[in-house]
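**Q** Please build the complex by placing chain B on the supplied structure of chain A, with the hints as guidance.
Protein chains in written order, with my numbering: chain A, 1 to 648; chain B, 1 to 330.
Worth flagging that the hints you see were computed from the coordinates, not collected in a lab. For each residue, glycine too, the CB sits at the ideal point set by N, CA and C. Misleading hints may appear alongside valid ones.
To be verified - DEER-style ranges, computed between Cβ atoms: (1) B:53 with A:535: 30 to 38 Å; (2) B:81 with A:52: 32 to 40 Å; (3) A:408 with B:228: 51 to 59 Å; (4) A:503 with B:228: 27 to 35 Å; (5) A:408 with B:191: 39 to 47 Å; (6) A:39 with B:159: 42 to 50 Å.
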Amino acid sequence: MAKYLLKRILYSILSIVAVMFIIMILIFSLKSRDSIFTSDNNITHLSNNQKEIYKARKLQDFGYLQFVAYSTYADEQLDKDGVTDESLRSFYKTLPSTGANITPTSTYAYIHDGKIEYLTNKYLYNFRAEMEAQGYKVTFLNYKNGDAPQYFATRDHNVFVRLGQFFGSMFQFENMGNVAADQNIDRYIRWEWDYASNAPALVGSGTSHKYLTYYSDSGSILAGQNIFHLNLGYSYTGENKDRTIEDILLSSQGTNVFSPNPYPYQYLIIEDTYSAKNINFTVKHFDNDETTLISEDHVTTNKYVFQVDDIYDFYKVYDANGNLVYEYQPFETSGIAITGEFAFYFNNDGVATVVVPNPYDIHSVTYSPEISPLYGDHYSNAVTRKSGLSTMGYSFLIGILATLLSYILGIPLGILMARKKDKIADHIGMAYIIFIIAVPSLAYIAIFRALGGAMGLPTKFYIGSGPTYWLVYFLPVISLALPSIGGLMRWTRRYMIDQSNADYVKFARSQGMSEREIFTKHIARNAAIPIIHGIPGSILGCLTGAFITERFYAVPGTGKLLTTAINSSDNGTIVALAFFYSLLSIISLILGDILLTMVDPRISFVDGGAGSIKFRRKKKKAPESGTDTDENQPAEIQETVATVKEGE
Amino acid sequence: MEYVDLTKPYAPHDENDELFVFADHSTAASEKIVAPRYSYWKSVGRVFFRKKSNWVALIFMGIIILLAIFYPIFQPYGESAALNPNIRDVSTFSLSPSDAIGKLGFHIKWIFGTSPTGNSIFNALWSATRTSVSLAFICTIINMIIGVVLGAVWGLSKRFDVVMTQIYNIIANVPYVLLISVLVYIIGAGYWAFVFALTITGWLGIAYFIRTQVIIIRDREYNLASKTLGTRTGRIVTRNILPFMVSVIVTLIASELPSYIGYEVFLSYIGVGLSASNISIGRMISESEPSWVAFPWQFWPPVAISAVVSIVLYVVGQNIGDASDPRTHM
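With the rest of the complex left out, here is chain B:
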């Protein structure tokens, strides 16, 4: 094989060379990169859906979320006489699924039996799922937004860093559970009070984590170069740093979402959960726990749903996190 030295001007030395035609030098074409088109989010989707297990998890999550949204519209849950006609009929209290169907006739709402007030466990379950899952989503969204924004500022501003690190050191020393418990105890146990208690310091851990990430990335060579070339800080954050952290943030969301369901269950169990008017998974578990041997059908459905919801949210979140790492897009 003969190599042509491209640095030297072209000099024909063969009559066959006449078969070749000179090509025009095009500036426009030389600017084009001949490579397959790459869209970040499309690639994320491609990698994510390549895994069959993710389809299963997504379908599960879809079913649960759709049921949680729409089922309570058709079968609302409540302890008023209008919503629970059995409330005065002691013979309908705490019936097992088969007894409930036998006594009250077949209806989807009796498939998990009845509560100690004769109410439908199945109805309660979906209202509870709606409360707990929406709580988890709202708290995650609030904490992630505050955490990511403040964490980015925290990581970039040295002055802010000094103050925030001291605040963090103090608040991180209060056991988180103690803090939430005291807050719920102070501001009451309504739904939004609960969101407030979970978010007032919940963002701090996320912000601290983001700060650490920002510090790692901010001093990398490409950022140094960008800064030297005159890029403003805001642009460095939004264009250079945050895109780098998408996979990390998504992974963080994946572990935050189920953790709020866990906190809600835990707080309800220790007695500082949501008030009686808000049925939630934690409430169902903690209320049915003392008599779980006698009435297992009141205890296991909320336990099962919390387990399934948490695992599905975690797995889907983790896999989106994995997929959002561009290194997996090859």
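Bound conformation, chain A alone:
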């Protein structure tokens, strides 16, 4: 079995590489490149030469080619040759009006200090020679009617190189050499006490993330890691431009969540350094104007937590000698007062600092070359914490609820249909199944949304909270579950009927077993096997999101990513999602087969093993993901496929 699995996984990896190869050829070689400019309004205002440059740069942004402008090249070479004189530099970067006669001996006018000198410009010639040697195509666009000349080189990415880069840079592991070697930074990875979460954390220096493993200080997740990241590239255009695919899939959405935890790191150090030295302070709380005293606290501490409810809460801090050491005035951002739990931190110089509720997730800090004044080290740029789930989170939540609902409803209904075969329950069920199979999913989702809307259910999804918030999940989940329920009913009924006509059931009946016993001990167990095979697929399928349902209800899930990417020629996202979807489909097939061998000992994938049954699988995927994959096949056909599975 282990050998079989290894072989199967190896084949799967090969087939994913092949799939990515096909997708890359399709997108980058076969697709017309002009399509990315069809909806681009910028291009209409540009002159001819500028248009060419713009197109080349844009094509570079969309991952088609590498673009090098002469000025970039010249700057680099001039730096290398140590040319610092600005006027000389600009002479070397100036382009002649035509590109026809660029030779090493051509001379050009160099005007400086009121004199004219004729100099050769080796860079102009070298650019062409060097770039062509590297396989670039060098273009010189001549001066024409006020249109400035342009000189640049372009090179298409080789599809094999692209494929190699995609897979080569996919797995990113943290190590202390991740920060460039010339940076002066301590390099270590060690366990430290993390004051944000009051738990140990694996902290790195010289790594790209500071916190490698950590317990979360708040929010929905318990712990996190930054040791390993999956790099699937980034989005080239659209609302997610330049964000990595991992970030698009996994980062939370919605409004900022303010946490009272200290965000600038140095306050944690203060707490740590002075934790043993509690100092006497007086904290006075004023209201409205700074004169109405509400309360006065005499504390011996290094940290004082206080509550700010509105813009009129004032706090003043006095030391043991009665000197005012700090006062806190509430402030506003974008017209909204920052409220919540604040804290003063005191050190033994009698100075207090205030910690403001902030939306930053301190555990996400990454390396930057400058020392951040807020944190006191190289690690900054914390991401903000948002109230909602990630795109994948919403898709998975809705998908998994729909899957649960469909298994809970679909299987018992299928059993009911099988037991009441050719009676009214069976006919109603069949009518529903035909409806689901035949009517395009868009149409019945529209119908159910209209019905739900008429009943007062929310028909547009939003990120929020509240006692009735869960209602927004209602219609998307139902819409997504409808086809799966139909599919499960159909197959459960089919398998049940097949099993109940089997010889061993007739034999059991002739032995005098009760119908109930036959059902639970024989039919249900055997009929469950093919149903179980699809479970991993339906669970993992939730991650891909549902194209139509999510778009219909404006769910901020992953389902819309692929369609938006296709509509905006976002090649980076298309490639990454194709990989992600193929990976999920392969994993779910392998898991399904493993599960099958676990529930049915007769099935073995090893030649000569018990039963010696080989499995073939699946037809094409139905449009609405999260549904049964064999949706399009009629019952009679599946029946024969099932026989083949056993007979082959």
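**A** Relative to chain A, chain B alone:
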């Protein structure tokens, strides 16, 4: 009752036997099978038309197809000023059926109101039905022909099987929707480009299915016998295997036809559908969906027609599939 032992020569033992006359032994007559004449397709028709619901479905399908073919000839749809005189008159945009009839006078084309450009929804509906249904038929025909032929070869040739199974494993791992979307995105959104995108890999699933069927049937005893008697492979396929699979193929067609309408609707909705010059059901649905609350008359007719067409095609196809199974001909 007395039994006559037929193995023994006939020996009269009664004078009454003289009343019987010897019959001549005829070789020609003994070769004839005395049974009711059986024609396969006649029986299919008989079984199919026995069901009243099939008549209803067929009549529905006939009406829809006839309207889709002939209505656009008399009432062509288009966004040019010649075909849509209201295009410059903002007051005719998005009128409900009653408003449209009130404002523009009674005409069959206004019974579903007007589009956001003042065009007739009813005209658009039949042009769209023509596009979508013809697309479904063309794609089904192409995919079925390629799929059945290649599937049969795939099932019979072991060498071909090795190669094709690998190809299938790779292509089946690409989500079908992704593949069609990328193809439409690459080759453009014209009608024939769309047919190409739907058929370039669409046959693969059918071929794989047929292959599996062929493998089941090819190793059955009667084929083994036929092969031993010297029947050529081609004849085994066309005479022994394919007739066995007629009902399966017809059932497959029944689920393929509506599925292409579904794909077309789906692809239009996600924005990789047919180009603007081809009005289709998917296009009508996806264009009217954002304002379906305000202008329901633009949204529901295409939804309804796609539902009706799909159900009718499915039911008729399934029932022909059932009827084409000789076991139901008793």
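**Q** Work down the list of hints and note, for each, if the structure agrees.
**A** Tested hints:
1. B:53 with A:535: 30 to 38 Å: holds, 36 Å
2. B:81 with A:52: 32 to 40 Å: holds, 38 Å
3. A:408 with B:228: 51 to 59 Å: For residue 228 of chain B against residue 408 of chain A, whose Cβ atoms are near 54 Å apart, the range 51 to 59 Å holds.
4. A:503 with B:228: 27 to 35 Å: holds, 30 Å
5. A:408 with B:191: 39 to 47 Å: Check passed, 43 Å falls within 39 to 47 Å.
6. A:39 with B:159: 42 to 50 Å: holds, 48 Å
Checked against the numbered hints above, the structure breaks none of them.
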